[in-house]
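Novice: What follows is each chain in one-letter form.
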Amino acid sequence: MQLFIKKGLNFNSICGSLGEVKLVPKPKNVGYRPCEYKGIIPNLLVKLGQQIRGGQPLFCDVNDSTKNVVSSVPGIITQIESTANGIVSKIIINPDWDDNYITHERMTLKRVDTLNYGEALGYLKKTGLFPYFRQRPFDKIPNPNKKPKAIFINGMDTNPCALNPMPTVKQQQEEFVLGATMVTKLTNGAVHLCIDSNEDDHYLQTIDGVTTHTISGPHPSGLVGTHMHMLSPLQKGETNWYISALDCVAIGSTMKQGLYARDAYINLAQTVTERQALFRTVIGAQIESLISESYQIKEQRIIDGTMLFGKSCRIDDFLGLYTRNIQIIPEKRNKKLFGWANIMQNLLKPSLQNIDTDKHGATRAMLDPNIYDQVVPLDISIPFILKAIEQQNCKELESLGLLDLGEEDFALATFACPSKIDICSRVREGLNLLESNVEY
Amino acid sequence: MDVLKKSRADQGRGKLLDPVREMVHSFLYSSKEVTADPVHIRSGMDTKRLMFIVLVALMPSILLGVYNIGFQNIKALGMPLNHFLAFLYGLRVFLPLLGVTLLVGGLWELLFAIINKREVTDGFLVTAVLFCLIVPPTLPMWQAALAITFGVVVGKELFGGAGKNILNPALVARLVITLFSPATMLGDRIWVYTDPQNSTFFSSLARSLFDAFTNATPSVHDAVSMATPLGLPSKDLGERIVQVLHSYDYSWIQCFLGTIPGSIGETSAFACLIGAIILLWKRVASWRTMIGCFFGGVMVSLLFYLLPNKAPAAMESIPPHFHMVFGGFTFGMVFMATDPVTSPFGARAKLIYGLLIGALAMAIRIKSPFYPEGMMFAILLMNCTVPLFNHISKKSLIRRREQARSKSFQ
Chain G
1 MQLFIKKGLN FNSICGSLGE VKLVPKPKNV GYRPCEYKGI IPNLLVKLGQ
51 QIRGGQPLFC DVNDSTKNVV SSVPGIITQI ESTANGIVSK IIINPDWDDN
101 YITHERMTLK RVDTLNYGEA LGYLKKTGLF PYFRQRPFDK IPNPNKKPKA
151 IFINGMDTNP CALNPMPTVK QQQEEFVLGA TMVTKLTNGA VHLCIDSNED
201 DHYLQTIDGV TTHTISGPHP SGLVGTHMHM LSPLQKGETN WYISALDCVA
251 IGSTMKQGLY ARDAYINLAQ TVTERQALFR TVIGAQIESL ISESYQIKEQ
301 RIIDGTMLFG KSCRIDDFLG LYTRNIQIIP EKRNKKLFGW ANIMQNLLKP
351 SLQNIDTDKH GATRAMLDPN IYDQVVPLDI SIPFILKAIE QQNCKELESL
401 GLLDLGEEDF ALATFACPSK IDICSRVREG LNLLESNVEY
Chain R
1 MDVLKKSRAD QGRGKLLDPV REMVHSFLYS SKEVTADPVH IRSGMDTKRL
51 MFIVLVALMP SILLGVYNIG FQNIKALGMP LNHFLAFLYG LRVFLPLLGV
101 TLLVGGLWEL LFAIINKREV TDGFLVTAVL FCLIVPPTLP MWQAALAITF
151 GVVVGKELFG GAGKNILNPA LVARLVITLF SPATMLGDRI WVYTDPQNST
201 FFSSLARSLF DAFTNATPSV HDAVSMATPL GLPSKDLGER IVQVLHSYDY
251 SWIQCFLGTI PGSIGETSAF ACLIGAIILL WKRVASWRTM IGCFFGGVMV
301 SLLFYLLPNK APAAMESIPP HFHMVFGGFT FGMVFMATDP VTSPFGARAK
351 LIYGLLIGAL AMAIRIKSPF YPEGMMFAIL LMNCTVPLFN HISKKSLIRR
401 REQARSKSFQ
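Residue numbers (my numbering), protein chains in the order written: chain G, 1 to 440; chain R, 1 to 410.
Keep in mind that the hints were calculated from the coordinates and are not lab data.
Honestly, I wouldn't trust all of these hints.
Computed footprint of chain G on chain R, listed as stretches where at least three residues anywhere in the stretch have a Cβ under 8 Å from a Cβ of chain G [what the hints assert, rightly or not]:
(1) 37-45
(2) 115-129
(3) 158-165
(4) 282-288
(5) 400-407
Here are some of the chain R residues that sit facing chain G, going by a computed Cβ distance under 10 Å [claimed, not checked]:
(6) Glu33
(7) Lys48
(8) Arg49
(9) Leu50
(10) Pro308
(11) Ser343
(12) Lys350
(13) Asn390
(14) Ser393
(15) Leu397
Predicted, not measured: the structure shown is a model, and the values here were computed from it.
The beta carbon of each residue, even a glycine, is placed where N, CA and C say it ideally should be.
With the sequences and hints as input, model every part of the structure.
Specialist: What follows is the structure, encoded as structure tokens:
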């Protein structure tokens with residue numbers, strides 16, 4: 001199926017060209033932040049100073065000990081930090097780069113075909129690959145006891161300067177097909193693979209049980225929320241799972257080799273210099289290891305994610321499981337005299353010159369709701385959603401279509417909002433409200 | 001600014017005057033705020049700039065309106081036409097009015113900002129300018145001050161400030177004068193500004209400056225009686241209305257350009273059209289509301305025009321293309337009906353909303369013996385129905401989503 005998205009904003013103009021994949025020097029530390037794994041309340045399985053093997057579980061969910069997160073590298077646990085109320089907040093490993101990995105059963109395509117839901121799930125949980133899946137509503141690691149309505153494999157990202165997964169997928173076709181076939185075992189419904197319409201997709205058509213959709217148009221055409229909204233909108237009580245195409249490759253590669261796939265592909269974009277580079281490193285690597293020493297970080301903001309939707313972080317933070325992009329943008333420089341008087345420029349259009357952390361104005365009441373309609377291609381109404389959140393009206397939020405959307409889907413509207421309302425954070429409040437009221 | 005901020009903070013009395021400093025700062029500079037998680041870049045568009053675009057779009061109306069004040073005066077006195085003098089004379093009338101409106105309205109705005117401990121919102125400037133453009137040039141200053149007080153306090157601040165009001169504040173201000181002092185808003189004697197007999201110190205000062213510029217001999221006149229095109233049908237002249245208009249020298253092109261008596265900014269449909277192009281180009285106003293309003297007006301006036309058995313001089317007999325350029329219809333259509341705060345949300349809702357404003361404005365104009373300028377009432381009435389519009393579009397959106405869920409791709 002082909003989908004055409006007309007509304008939105010194209011961020012291509014601000015992205016530099018991409019070089020080939022670079023291998024990062026081995027990071028000195030590898031770290032895990034359990035709070036990043038939404039849907040898992042961490043129960044620590046390792047001790048300080050313990051020697052661990054690659055692929056060994058670090059922590060699991062309090063309620064489900066099979067839902068665990070594993071270490072990408074073998075090494076020694078050097079640091080464990082907890083919050084004031086005793087929840088583990090950080091685990092730091094000093095890797096020794098031995099080949100000391102836990103081995104799992106190797107799988108072929110034929111073997112995968114014989115698996116049922118429970119066996120497939122069991123394999124993914126045992127290998128520590130299950131956290132790659134997340135569910136909508138709420139963007140959290142799914143409840144494995146409940147089969148999803150559909151699973152989305154996302155092979156595109158239209159965020160500014162974001163990593164395009166498809167070249168890597170193309171290089172590792174065999175692994176991808178293996179992983180995608182595994183994914184089809186997890187649902188009775190459809191498995192949707194969404195890729196950009198410019199991608200060569202003939203090698204993807206052959207996977208049994210996977211429907212390929214080509215999508216064209218500006219951002220947010222590459223967001224999984226857009227795909228779900230159009231292909232499989234959710235009713236109360238239903239869940240959709242989603243996974244990135246790169247994570248599918250990781251699943252396939254684990255199945256092929258019987259070892260936990262530790263590789264993480266990270267796209268580093270530095271907008272000041274228009275530099276972009278694709279790195280291969282390990283999951284949980286310290287961000288420091290990506291950035292060359294000569295590069296000045298002063299008055300720059302490092303973002304885990306993209307500049308449109310991400311979390312600001314420090315140079316000694318660690319890559320998360322879902323991190324695909326690290327972007328560095330300049331902090332706001334100075335205020336301009338009579339800056340508001342320039343009306344000729346099309347201000348909605350981002351250009352390389354004005355990429356910085358300037359908010360371009362102060363927060364006001366919502367004055368012009370029309371602007372959201374110009375950039376949001378979904379059949380939703382942001383003013384109504386914001387009002388329902390304010391009124392804490394769960395029923396209305398469900399019927400207005402918030403279930404198949406996440407914070408990420410409102411980033412573009414937040415970007416465009418002239419009243420500078422932080423729509424993403426409001427939506428987060430709304431989703432938290434729904435989550436606390438209803439069992440999904 | 002930073003030095004000022006520091007000295008204020010040192011003296012410990014910075015708090016009360018924070019909104020003042022903030023206002024000056026935000027007028028001079030672009031904002032100093034930076035983004036926070038999770039969206040790290042923001043577009044350059046903010047409310048300040050939105051308001052500035054509206055002001056730019058209003059500029060043609062202001063300039064032509066100011067010129068027209070002088071033009072009407074010169075015409076009424078039978079003096080030889082001098083474009084520059086006409087403009088200067090117009091400025092003499094317009095600037096004090098704008099000044100008083102800005103001062104009084106601004107003080108209220110500031111007071112509420114201080115009480116509510118927030119910043120002065122950027123919308124006020126537009127409200128003040130809009131108000132000055134929809135009143136006759138002869139409006140007494142004290143009435144302007146009172147009206148803008150109502151507009152700002154009752155029309156906006158009591159609802160929680162800019163963005164939360166349900167009625168257009170400038171129209172609320174005008175409504176107040178219309179209801180409490182009809183004599184200053186109705187009739188034939190209010191549209192041409194001439195120098196009043198008991199001039200105050202300031203106006204005489206202004207006049208002497210004006211006279212020094214123009215080398216004219218000081219003169220004192222009575223109010224000049226001059227009917228607007230919309231005032232004509234009520235006179236029952238017994239002739240065909242088009243001929244009456246012709247005898248008053250109100251050709252269509254004159255009405256379009258705006259060289260007719262009327263409220264300051266609304267006489268020129270041409271200026272409004274330029275404003276509309278700017279607003280639509282910058283996507284500040286909704287083209288749906290404008291188009292809807294236009295067709296609503298055309299349809300209703302055409303309907304009455306085509307009715308049989310009508311008096312030849314009655315309002316019904318004015319052809320639709322004249323109706324479009326008379327009175328405040330175009331101005332209201334371009335600048336008032338499209339106000340995004342008091343408009344409904346959805347695209348289709350905007351179209352119907354505009355259509356109803358246009359139709360209602362024409363119906364009031366043609367059928368109301370009391371007050372031919374129906375645009376204000378139409379817009380205020382439709383402002384009140386916006387919650388209903390929003391309710392209906394929300395329900396239809398919910399229904400649409402439910403259908404999508406049941407039909408989803410399998």
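Novice: Each hint needs a verdict: does it hold in this structure or not?
Specialist: Now for the hints, and whether the structure bears them out:
1. Coverage of a stretch by a chain is defined here by at least three residues with a beta carbon nearer than 8 Å to that chain's beta carbons; for the segment 37-45 of chain R and chain G the count is 9, and the condition holds.
2. Chain G is given as covering the segment 115-129 of chain R, and this holds because 4 residues of the stretch bring a CB closer than 8 Å to a CB of that chain, at least three being needed.
3. With 5 residues having a beta carbon nearer than 8 Å to a beta carbon of chain G, the segment 158-165 of chain R meets the requirement of three or more and the stated coverage holds.
4. Counting residues of the segment 282-288 of chain R whose CB falls under 8 Å from any CB of chain G gives 4; the rule of at least 3 is met.
5. A count of 5 residues in the segment 400-407 of chain R with a Cβ less than 8 Å from any Cβ of chain G is obtained; the coverage claim is therefore met, three being the minimum.
6. Look at Glu33/R: its Cβ gets to within about 4 Å of chain G, closer than 10 Å, so that hint holds up.
7. Hint on Lys48/R holds. Least Cβ distance to chain G is approximately 4 Å, under the 10 Å limit.
8. The closest approach between the C-beta of Arg49/R and any C-beta of chain G is roughly 5 Å, which is under the 10 Å cut-off, so the hint is satisfied.
9. For the restraint placing Leu50/R at the interface with chain G, the shortest Cβ-Cβ distance is roughly 6 Å, inside the 10 Å limit, so the hint holds.
10. A least Cβ separation of about 43 Å between Pro308/R and chain G goes past the 10 Å threshold, and the interface hint is therefore violated.
11. Because the smallest distance between the Cβ of Ser343/R and any Cβ of chain G comes to about 8 Å, under 10 Å, the interface hint for this residue holds.
12. With 10 Å as the threshold, the beta carbon of Lys350/R comes within range of chain G, its nearest partner Cβ sitting at about 8 Å, so the hint holds.
13. Satisfaction of the interface hint for Asn390/R is found here, the shortest Cβ-Cβ separation to chain G being roughly 8 Å, below the 10 Å cut-off.
14. Interface hint status for Ser393/R: upheld, as the beta-carbon distance to the closest one in chain G is roughly 7 Å, under 10 Å.
15. Checking Leu397/R against chain G: minimum C-beta separation of about 6 Å stays under 10 Å; hint holds.
In this structure, the one hint that does not hold is number 10.
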